[in-house]
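Here are the chains, one letter per residue:
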Amino acid sequence: MKPRKFSYVRAGSVAEVLELLDRYGEDARVLAGGQSLMPTLNMRLSEPKVLIDINRIEALKGISVRDGPVRIGTVTRHAEVMRSAIVAEHLPLITEAMPHVAHVAVRNRGTFGGSIALADPAAEMPACALALGARLVLESVGGRRSIAADDYFKGLYDTERRPDELLVEALIPVPKPNTVSVFMELARRHGDFAIAGVAFQLQMEGDVVADGRLVYFGSEEKPTLAKGALAAIKGRPLGESSAEAAAAALDGDLAPISSAQGSAKMRLHLQRVLTRRALAVARERASGRAKAA
Amino acid sequence: MSDEEHLPISLTVNGERVTRMVPVRQHLVDFLRTDLGLTGSHLGCEHGVCGACSVRVDGAVVRGCLMLAVQADGTEVVTIEGLAESGEIADLQEGFVARNALQCGFCTPGMLMTAAELLAAGAPATREEIRTHLSGNYCRCTGFHAIVDAVETTLAARLKKS
Amino acid sequence: MSNTMSDNVLRPDLDRPNSYVGRSLSRAGATRAVAGRGRYTDDITLPRMLHAAFVRSPHAHARIVSIDTAEARQQPGVALIMTGAELAKRVTGPWVGTLTCFPGMKSAPQYPMAVDRTCWVGEPVLLVVAATRAQAEDAAERIAVEWEELPAVADKKRALDPGTPAIHAELGDNLAYRKTIDNGDAEAAFASADRVVEDTFEFGRHTAVSLEPRGVLAAFDKGTGKLTVYTSSQCPHMIQYLYARTLGVPDHMVQIVAPDVGGSFGLKIHSYGDEIAAVAASIQLGRPVKFIADRIESFVSDIHARETSAKARMAISKSGEILAFDIDVLSGAGAYSQYPRTSVLEGTQILNVTGGPYRHKHHRARATVVFQNKPPSSQYRAVGHPIGNTIGEHLVDLAARALGLDAIEIRRRNVFPDDAYPATTASGITIKDMSHQRCIDVLVERMGYAELRREQAALREKGIHRGIGIACFIKSCAPGPHGYYGMGGAPIALQDACTIKLEPNGGIICAVGVTEQGQGTETVMGQIAATALGVPMSSIRVISGDTDAVPYGGGTYGSRAVAIGGEAVYQAARDLKGEILSIAGTLLQAEPGVLDIVDGAVVDRAGGARRITLAEIGRIGHFQLAELPRGSQPTLSHTRRFHLADDLYIFTNGIHGAYVEIDVDTGFVRLLKHWVVEDCGRIINPQLADEQVRGGCVQGLGGALYEHCLYDEAGQLTNGTMADYLVPMAAEMPDIEVAHVLTLSSVSELGAKGVGESGTGAAPAAVMNAVNDALSSFGARVTTQPMTPEVILTALGKV
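Protein chains in written order, with our numbering: chain A, 1 to 293; chain B, 1001 to 1162; chain C, 2001 to 2799.
Don't read these hints as lab results, they were simulated from the structure.
You may find that some hints are simply not true.
Some chain B residues near chain A, calculated using beta-carbon distances under 10 Å [as the list claims (entries may be wrong)]:
(1) E1004
(2) H1027
(3) H1047
(4) G1048
(5) V1049
(6) C1053
(7) V1057
(8) V1061
(9) V1062
(10) C1065
(11) L1066
(12) Q1071
(13) G1110
(14) M1113
(15) E1152
(16) T1153
Chain B regions said to be covered by chain C (calculated; three or more residues, Cβ under 8 Å) [to be verified]:
(17) 1035-1045
(18) 1114-1124
(19) 1155-1161
Quick caveat, the model's predicted, so the values are computed rather than measured.
By construction, the Cβ of each residue, glycine as well, lies at the ideal position given by its N, Cα and C atoms.
Given these sequences and hints, build the entire structure.
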């Protein structure tokens, strides 16, 4: 399976990328880690005229936090995010999710931005970005804009990004001190895409849920923020009864799809199971934090 | 377009400086195998799942089939041949042979390349952690048990020495 | 290792102090492979080599209306484009995949590439040869084929419905073969039995997924007329015959070389149309042509296996005595019966082996093998046994539960006693040299069975659901000439051979007809030869896989290498030893009978004094014939063949134990541990034997829990990538403990049976029994493989 012919540009700057995207639009593809794009090229599933390699653009790399959100540059390798002390301290949800992202070799090359840009519905990073209320920053020759994750993920591999735009970074707000997060997924084999998964972030007041973001992924065409499930637990203490209510509320929040790996019915069932389990863990973590405080 | 676009690359492979013109669509493992005769890296799927193509680029193990040769310009690539010659994993290789942690040998270069990264971390690992680390390397012959044994034994010996 | 009773004396020459038999030596091939110095078919390059790619059918069933290659021919690097019709003119054919030993079997004529009609998605239709694989694919994409889609038969259950069209009109219907066994009086047994248990089963379609895909590098020399093909095949001689017959090159002008093979498992004992096409291209062009199947085309062009639906019942007395089996099997063969080994063996083996460990007298079994618009299926590791053992062992567990008997206890009551042999199973198989009782004892001890049951019960109280699964099995190995291939007229050698030679320096070359795929064939043959001769392992080189260099053999398949090939080595080595001692006796003026060979030298049997080295014998025997009596004509080279004199197979036996934990909310199964106790007769290299069992187990576990070729109603494979077809990976597989019981085979001097498929044959049975053992607390059970979370949750009524 060898790719079709294409033209290749090793871009040296963001400006160069934007100029090329402006010129070629949908005929160009941005090559970051390549862990998702290269298989599609090898299988001849896509036919870009131009491949724009952004791997050498330093401005697109790195993790930092300084008076505000955590910034993760688009070409930051998953492995770097996984090891990052900044991420571990401020965004433990991502650190908890990382071991589920494929395998060592894929994480060494695959990028945080690449995963967000692709928006595979079973991928871990888009789910985390949504749960953490990230803002995705897009640039084009026309300017720069930042989109809330809520508005960024639109459908199956479909995001707000226009063909002439480059995702340059994610800006992830540092959660408040009373935040508890839980990441869980179910996959047939370690590293496989999830067949059901949750990324929860809860603001706690004692053992009562003050607010939160409950994201479900792997079961629909995009990661979903479950409003009904949140309403079911908001203002209530975490426990079996509120967890059950959240699980029941998924009937309104989710419309899972069937695939080779499982029927819609099973996926909904699994999301309910994960809801109960993740909220139980959240409760343990909340009380653990309360004890530590 | 009917012309095959080529670009020059210059990189270090197993410690040797190499300069070539390559088709831009050629992936790194095809380059290593056909241009440099380094056939120790193998192709099992060309979609980044089986791990047979694992090579080390700038110190990290990657899927060689998902990287274009042109992307390796200016990098340091180490293949199983280089790893073997350097002696870095001589103990692991001996352990594999002694424990028969390979049969057909097709997955073995990728398996060793990946296990080498675990050993280099220098931390203890349980059998479950070893299995998790190797979870992206497909082996159809051994059923993995012998491989886990060999990695576990080698790791324990190294930690004991240090 | 422990012996069974009686006639089990270890042969003195194999049991001597410097014997290599029974020693876990490491493999020379392993040392090469860990350094990246393996040499697989794709690693070989020849001058002016070209590369092949294919246009493959996108439809399950379609007529070819027109083909336009004009644009493709203009593409850079293209050397040749060949249609199926053009190839058909260059080959003798078509193939018809039937054997005369299957009366009434029918299959349609098959050409290596589709000529006017395609019958499965993935069937090769056109060949493109170009300077690079990428260029060949570029050109292939520009070939325009106009298709007229025809109705596709995907569902084997509908294949014989009156309204379902025959895929091959000339056959009249989609029936490939029907076989019935009816021994004893099953009808009466069921009518009068205290209890009858029954169930229906579904087994998904599998594919081998060898990590190295199929490949050939063909080089036809127009000057000499010699065809050389490097190919990742298990059976070079069979391939030699097939290529010669099909392509019109005389057998003696064809050399087949199997270099290192990156996994095979039966996938690579078959012939493939795309490989034939690539070889034909080399002959036409007079240049080397390489074809390496990529992973995507492998999924739709490798042989498939296992697709079976079954209904079965078992009659049992209230005291737990198994009385009768009755099974009905529907096997989905794909579009053609694969030539030359056929696609009916999986279905028919199920009839033979179900209930094989047990002493019941009544056995009624029917297999119906049907055609479908899918890739042809054929022999793949443990042919039929994973299915037959699952069916039989599941019914035994159902009966145990119905009668309140423990899973081990019911088996103890019903297996053939260890002193019962030779015996005949109810299905009509002659069985010898088995040890079911001893294997059960060892398994119970190794598993800590009683303790596991206690642990299981205690954890159940806490809502943790574990299951223990037991599966007894028999396994057919090492087919003989009286079996299917020989009696059926297949061009497949059922004997195997060894030529062993003494070199002038005292070194030994041992050329064998069996082949190496990493299981250690060459090492094991070397151990046998070194032991039989009395030389150190370092003095021996084993050669395999090259038809120019080895005697005619059958290759490695069906767990035959040691049983058949090893016996030939043993006997040939003994012959060479005899000649060496005869020469030594002449030189030393002693009776050969008072001499022996130890450590590469001729010695006095009594006392062990070294008398003359093998290097001396070699020097004299090759260069200094004048030192021998006038008329001496030493050959220092001996060839022996071995085959089973009477038996269809050598059967082995054993037992598996599986311990699992089920998450009853998610349906996920965790494999905690697996045990195998088996009897493969004499073990030459214990580590290699154990590793065959381990690898085979995991291959079986993969099929039981993960693997499934998913086809839609239109005959399209919907999960043909490594991401979607789930092969077992390290994190999900258990540690596997292996133990052996020793009962020498009585049909050979070495007494070795076979071990390569025993893991695969019964691991699925054991793990399904374990899953059902856990689910029994809920009154639930599963009989579908793969046992996905969906299958388990459905059984539990949760989805």
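- Query: When the hints from earlier in the document are held up against this structure, which numbers fail?
  - Reply: 15, 16, 18, 19
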